[in-house]
Each structure stands twice: as structure tokens, then as C-alpha cells.
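Work the whole structure out from these sequences, hints included.
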Amino acid sequence: MNPMSWATPDDVLLSTSLATYLDKKIIVLLRDGRKLLGLLRSFDQFANVVLEGACERVIVGDLYCDVPLGLYVIRGENVVLIGELDLGKEELPPHMACVSEAEIRKCWLILDSMDHCGFLFASFSGGKLSSELAFLYSSCWHTRQF
Amino acid sequence: MLFFSYFKDLVGREVTVELKNDLAIRGTLHSVDQYLNIKLENTRVVDQDKYPHMLSVRNCFIRGSVVRYVQLPPEGVDIEILHDATRREARGG
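Chains as they are written, first to last, in the working numbering: chain A, 1 to 146; chain B, 147 to 239.
Check before you lean on any hint, since a few could be wrong.
Derived BS3-like pairs (lysine-lysine); straight-line CA-CA distance at most 30 Å [as the list claims (entries may be wrong)]:
#, chain 1, residue 1, chain 2, residue 2
1, A, Lys89, B, Lys166
2, B, Lys166, A, Lys25
3, A, Lys25, B, Lys154
4, B, Lys154, B, Lys166
5, A, Lys106, B, Lys154
6, A, Lys24, A, Lys89
7, B, Lys166, A, Lys106
8, B, Lys196, A, Lys24
9, A, Lys106, B, Lys196
10, A, Lys24, B, Lys166
In short, the hints are calculated from the structure, not lab data.
Take a look at the structure:
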């Protein structure tokens with residue numbers, strides 16, 4: 001390769017290269033709606049990435065949990081967005097509470113089953129859901145992705 | 147290459163990128179590449195309450211394949227120039 005064609009530090013800073021996020025804490029949004037956090041250790045032109053100390057942030061309504069995963073290699077086609085986390089800012093709004101993995105899985109299952117019988121639910125209650133149920137139901141829809 | 151060149155001219159402008167998962171992000175266009183991958187700076191999510199995990203994201207990389215729309219500032223669109231460039235490209239020049 002001609003050394004003249006190598007990218008200079010300035011080229012990297014001005015390009016879409018993920019090099020500027022190397023060794024930083026990032027959040028990766030995946031096509032299935034999952035959110036993975038970790039240190040960016042490697043990447044390529046397809047946005048295949050290697051995350052060290054990866055964890056999945058499961059959010060259900062106002063509850064969340066970081067499930068530890070370890071070292072992850074993510075295939076680029078599943079990547080939607082890679083965000084650099086600003087360490088000076090709160091990662092989540094103050095009203096959100098951290099709960100255990102067991103707790104968040106339970107909430108997830110409840111919402112998931114509500115989603116499956118959402119239609120029945122609505123018709124049984126005469127189309128009127130209590131505000132609490134409506135909230136749960138709406139957060140259920142919010143967590144849906146493409 | 148037409149739209150790649152086009153987006154390169156928009157670097158530094160404020161744009162809103164709407165993704166195929168309905169997430170819409172507003173920010174300053176930092177850079178774009180041949181896949182139309184986009185890097186945004188000073189980002190904020192349009193519907194912040196719905197996407198709390200994006201709260202502390204200021205800079206982000208968006209994979210070109212997941213973009214649905216890029217909303218541009220009205221002054222960023224010059225139909226005349228685009229029209230001419232399209233004809234030139236169609237002629238193979």
C-alpha cells in the first residue's frame with residue numbers, strides 16, 4: 001500500500017470511522033431493539049464491533065437492569081446505532097430504578113403476556129383499561145422494535 | 147456517488163435522521179461515507195421520554211442501512227444543482 005494513502009489522524013477525526021470511539025464506553029442499539037453497553041475494542045468497515053465488558057441494558061417501563069455478558073463480537077448487519085456515552089452525564093433519567101435480573105425478567109414476562117392477549121384484554125374490559133394497565137400496556141408497545 | 151457528494155456538502159448543518167425503528171435523532175452532521183453511514187454531534191432524540199437510554203449520548207454513528215429519512219434544513223436543498231448533477235451522472239460524466 002502506498003504510504004501516501006494512509007489515513008492521517010485528521011482524516012480519522014473528520015471521517016465516519018469508529019476509531020474515535022475506540023477504548024470508550026459506548027452503547028450499541030441492535031436491530032432487535034436490544035441495547036448493549038461496553039468498551040469498544042475493535043471494529044471494521046461493516047460496523048462489526050468487539051465490545052469488552054459488555055452488558056445488556058434491559059429497560060421495562062421505569063425499571064432497568066444491566067445484565068453482564070462478557071466479551072461480545074457483534075455482526076455489523078445487526079447494528080443500528082453506536083453512541084458514545086458522555087461520562088459527565090447521567091446515563092438514565094433519575095426516576096428510573098435499577099432492579100435485579102430476576103425482577104426485570106418477571107416484569108418483561110408480564111408485559112409480554114399482556115401484549116399477546118392485549119386484544120382480549122381490551123374487549124373484556126369493555127375497551128376501557130385502567131390507567132395503570134394502560135401505562136403498562138403502552139410501555140409494552142414502546143419496547144417493541146422493528 | 148451523487149448522494150454521497152450531496153451529503154458531504156451538508157456537513158456542519160443541523161439534520162434530523164429518522165431510523166427504520168422510528169427513532170428520530172437531531173444533531174449536527176459531522177461526517178458521512180460511501181455507505182451513507184452518518185456521524186452526528188450534539189445529538190438529542192426527538193422523543194426523549196420514549197428512549198431514556200439515549201439520554202447521555204452526545205455523539206453517535208448511525209449505520210446507513212437503517213436510515214429511513216434524513217430531514218434537511220430547507221436552505222440545504224437546491225433542486226437545480228441536484229437536477230443538473232443527476233443529468234450529468236446519467237450521461238456518465
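To see whether the hints hold, each was checked on the structure:
no. : hint                   : in the structure
1   : A/Lys89 with B/Lys166  : holds (27 Å)
2   : B/Lys166 with A/Lys25  : holds (25 Å)
3   : A/Lys25 with B/Lys154  : holds (28 Å)
4   : B/Lys154 with B/Lys166 : holds (22 Å)
5   : A/Lys106 with B/Lys154 : violated (47 Å)
6   : A/Lys24 with A/Lys89   : holds (15 Å)
7   : B/Lys166 with A/Lys106 : holds (29 Å)
8   : B/Lys196 with A/Lys24  : holds (25 Å)
9   : A/Lys106 with B/Lys196 : holds (21 Å)
10  : A/Lys24 with B/Lys166  : holds (26 Å)
Hint compliance for this structure: hint 5 is the single one not met.
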